[in-house]
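A.B. asks: Listed below are the residues making up each chain.
Protein chains: 2
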Amino acid sequence: MSEAPHLTFDLVSPGVSMGHLFVPGGADCGELSLPVFSLNKGEGPRLLVTRGNHGNELEGPLVARQLIEWLPEAPTGGRVIVLPVLNPLAVEAWSRNTPLDGLNLNRVFPGRADGSVTERIGDAVSRVLLAMADTVFDLHSFGPTWDFPPAATTHPIADRDLMARTVRMAEAFKLPLALVWDCNDTAGMFDILAQNQGKVFVCAEFGGGTVGADNLAIYEAGVRNELIALGLLEGQAEYPTFRQEKSGQTLETHPSDELKSPAPGIFEPGCSVLDEVKQGDLLGILHPMESLSSESIDIRAPGRSLVVAIRSGAHVEMNEGIAIVARPLKI
Amino acid sequence: MSEAPHLTFDLVSPGVSMGHLFVPGGADCGELSLPVFSLNKGEGPRLLVTRGNHGNELEGPLVARQLIEWLPEAPTGGRVIVLPVLNPLAVEAWSRNTPLDGLNLNRVFPGRADGSVTERIGDAVSRVLLAMADTVFDLHSFGPTWDFPPAATTHPIADRDLMARTVRMAEAFKLPLALVWDCNDTAGMFDILAQNQGKVFVCAEFGGGTVGADNLAIYEAGVRNELIALGLLEGQAEYPTFRQEKSGQTLETHPSDELKSPAPGIFEPGCSVLDEVKQGDLLGILHPMESLSSESIDIRAPGRSLVVAIRSGAHVEMNEGIAIVARPLKI
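So the protein lines, in turn, are chains A and B. Going by this note's numbering, the first sequence opens with residue 223, and the numbers climb by one from there. Going by this note's numbering, the second sequence opens with residue 223, and the numbers climb by one from there.
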């Protein structure tokens with residue numbers, strides 16, 4: 223019988239403390255120790271910040287390190303727990319899923335104590351850390367084969383009060399985009415587990431591609447804004463600069479807003495994220511590669527909308543997503 | 223006994239013809255048909271253009287499709303053969319190596335007729351197509367976790383005359399960078415096989431990351447410049463615009479010019495490609511992730527040089543490459 227998941231240090235100690243979340247070993251690999259940072263300034267909101275859920279989205283772990291550097295000196299109250307790398311096996315492999323068991327950590331929550339390594343990480347985080355927080359920020363980067371603006375996202379929530387509080391918190395990041403994302407593939411997400419427990423959960427998504435200085439600066443400003451909005455940090459929230467502008471908008475997108483590839487091939491993007499498009503505008507071109515005599519296929523906007531995500535530089539299968547459009551949120 | 227590799231059509235037919243390169247099946251997978259384009263305008267230089275060697279470098283295959291569209295109408299002589307996707311299994315998986323056998327196609331040349339699928343592709347290309355050309359352009363994109371300027375590269379060649387002709391051809395692309403790359407890991411490269419047969423072989427490398435419109439335009443201009451330089455196409459060669467400039471420089475880099483990571487962690491780039499740096503300038507920061515108490519490590523330039531490649535947004539192991547610098551070529 224292996225040891226149960228636990229923290230190697232006492233989170234209720236006042237001030238800064240650091241240690242690890244112990245994830246028991248199993249048949250597929252040995253135990254893991256995930257570094258955890260805690261700042262306890264007593265009564266107040268309790269925030270859990272997680273990053274490195276998907277291993278090819280690396281801005282989050284870097285912002286976590288910056289946060290750990292400046293937060294202890296800042297005028298704060300309440301409690302902040304930071305877990306910079308949820309899935310070290312995927313981060314080391316620069317891979318969305320865990321190479322060892324092929325699982326997507328963000329589809330296995332609440333995990334299983336006797337499962338494979340990804341499920342054991344999910345179980346340890348769910349049982350040990352989630353219970354200690356009222357609010358969760360999970361920092362993603364949308365993956366390397368998409369372009370996506372700096373955004374705070376949530377899925378629709380049946381509880382109208384929790385939905386309203388979650389959208390307000392997403393907007394408080396003051397990023398270029400706050401997005402209510404109605405999608406079908408939510409089973410096993412960390413978001414859903416936390417929201418079902420009545421917690422405010424906001425997922426930040428950043429830009430795709432690789433780590434860049436601009437995105438890191440925007441990400442850090444967004445996290446700072448959130449801490450201010452929660453009352454954890456004193457200061458003035460401000461829109462970070464994105465494409466020479468300081469502004470944000472709140473949109474919604476539904477399953478029918480995702481455009482699918484009409485054939486297998488290489489997708490060449492023909493627009494940028496946050497572009498306003500009208501029916502018939504070119505979004506990109508799909509180039510079939512199996513035969514040189516097949517014509518390239520123009521992909522056009524189905525109606526008036528804003529582009530929130532565009533595939534960039536990947537081979538896509540038929541019916542794989544290549545663009546996502548959205549419209550202003552109506553609550 | 224399986225069929226030998228062959229072309230499904232007659233390359234000596236005048237004008238445009240299209241068909242496939244047949245790669246025999248083996249124990250690991252069935253036969254493959256790689257689309258091939260041929261334009262035969264009679265006597266003159268014989269050029270082979272290959273792309274899609276590594277599956278996560280997708281500008282090349284798109285430029286190949288553009289080339290196939292405009293080349294038949296252009297005033298040309300000689301013969302051009304285009305193979306847009308050398309390794310369809312890797313392209314479909316957006317993976318540098320072939321998922322089925324884990325091999326890097328650009329390290330298995332001349333391949334093996336009775337080998338695994340990657341070796342069989344290498345064998346078919348080496349035996350059937352390489353013999354039909356005097357000059358080869360292989361179009362790469364440097365992979366998604368590096369930043370790299372649009373560049374035409376070659377390895378040093380012992381034959382001084384072939385070396386001079388190869389550098390002239392690399393410069394004729396008129397890209398921002400022509401680079402003589404002295405590296406240790408060249409066994410099994412397509413380049414080396416072709417150069418050992420006395421052929422001019424230039425490898426174009428483009429920008430890393432994902433497919434973008436700017437890179438595609440520069441790549442297409444570079445290929446057009448090469449066709450003009452070879453005498454295959456009439457017209458005037460011009461430098462394409464890169465960062466608001468039209469210029470090119472020729473550099474050299476050696477194994478000792480590659481900076482290695484001093485520890486495992488996430489590398490945050492702190493400079494851009496083609497930046498001029500002097501000793502001590504910051505190139506980037508390595509953030510260890512295994513322990514939150516380890517300090518981040520500044521990576522600094524070892525001396526006066528130009529940055530030609532910088533890792534962007536990837537977890538790196540200890541001693542993995544994170545930056546490559548270079549200096550003006552001295553022949």
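Don't take every hint at face value.
Which copy is meant is left open, because identical chains are indistinguishable; a pair holds if it fits in one copy or across any two.
SDA-like cross-link-like pairs, simulated, lysine to any residue; straight-line CA separation at most 25 Å [claimed, not checked]:
1. LYS482 - ALA394
2. LYS263 - GLU480
3. LYS482 - SER317
4. LYS482 - GLU225
5. LYS421 - GLY453
6. LYS421 - ASP232
7. LYS482 - LEU311
8. LYS500 - ASP436
9. LYS263 - ILE553
10. LYS263 - ARG329
11. LYS552 - LEU514
12. LYS263 - VAL350
13. LYS263 - LEU551
14. LYS468 - GLY248
15. LYS500 - GLU253
16. LYS468 - GLU539
17. LYS500 - ASP407
18. LYS468 - ALA394
Quick caveat, the hints were computed from the structure, so don't treat them as lab data.
A.B. asks: Run every hint past the structure and note whether it holds.
C.D. replies: Okay, the hints, checked on the actual structure:
no., hint, in the structure
1, LYS482 - ALA394, "neither (32 Å within a copy, 40 Å between copies)"
2, LYS263 - GLU480, "neither (44 Å within a copy, 46 Å between copies)"
3, LYS482 - SER317, "both (23 Å within a copy, 22 Å between copies)"
4, LYS482 - GLU225, "neither (46 Å within a copy, 38 Å between copies)"
5, LYS421 - GLY453, "within (16 Å within a copy, 68 Å between copies)"
6, LYS421 - ASP232, "within (23 Å within a copy, 67 Å between copies)"
7, LYS482 - LEU311, "between (31 Å within a copy, 22 Å between copies)"
8, LYS500 - ASP436, "between (29 Å within a copy, 24 Å between copies)"
9, LYS263 - ILE553, "neither (36 Å within a copy, 65 Å between copies)"
10, LYS263 - ARG329, "neither (33 Å within a copy, 56 Å between copies)"
11, LYS552 - LEU514, "neither (45 Å within a copy, 42 Å between copies)"
12, LYS263 - VAL350, "within (20 Å within a copy, 72 Å between copies)"
13, LYS263 - LEU551, "neither (36 Å within a copy, 59 Å between copies)"
14, LYS468 - GLY248, "neither (48 Å within a copy, 58 Å between copies)"
15, LYS500 - GLU253, "neither (53 Å within a copy, 45 Å between copies)"
16, LYS468 - GLU539, "neither (37 Å within a copy, 37 Å between copies)"
17, LYS500 - ASP407, "neither (28 Å within a copy, 50 Å between copies)"
18, LYS468 - ALA394, "within (14 Å within a copy, 43 Å between copies)"
Consistency with the previously given hints fails for numbers 1, 2, 4, 9, 10, 11, 13, 14, 15, 16, 17, ordered from lowest to highest.
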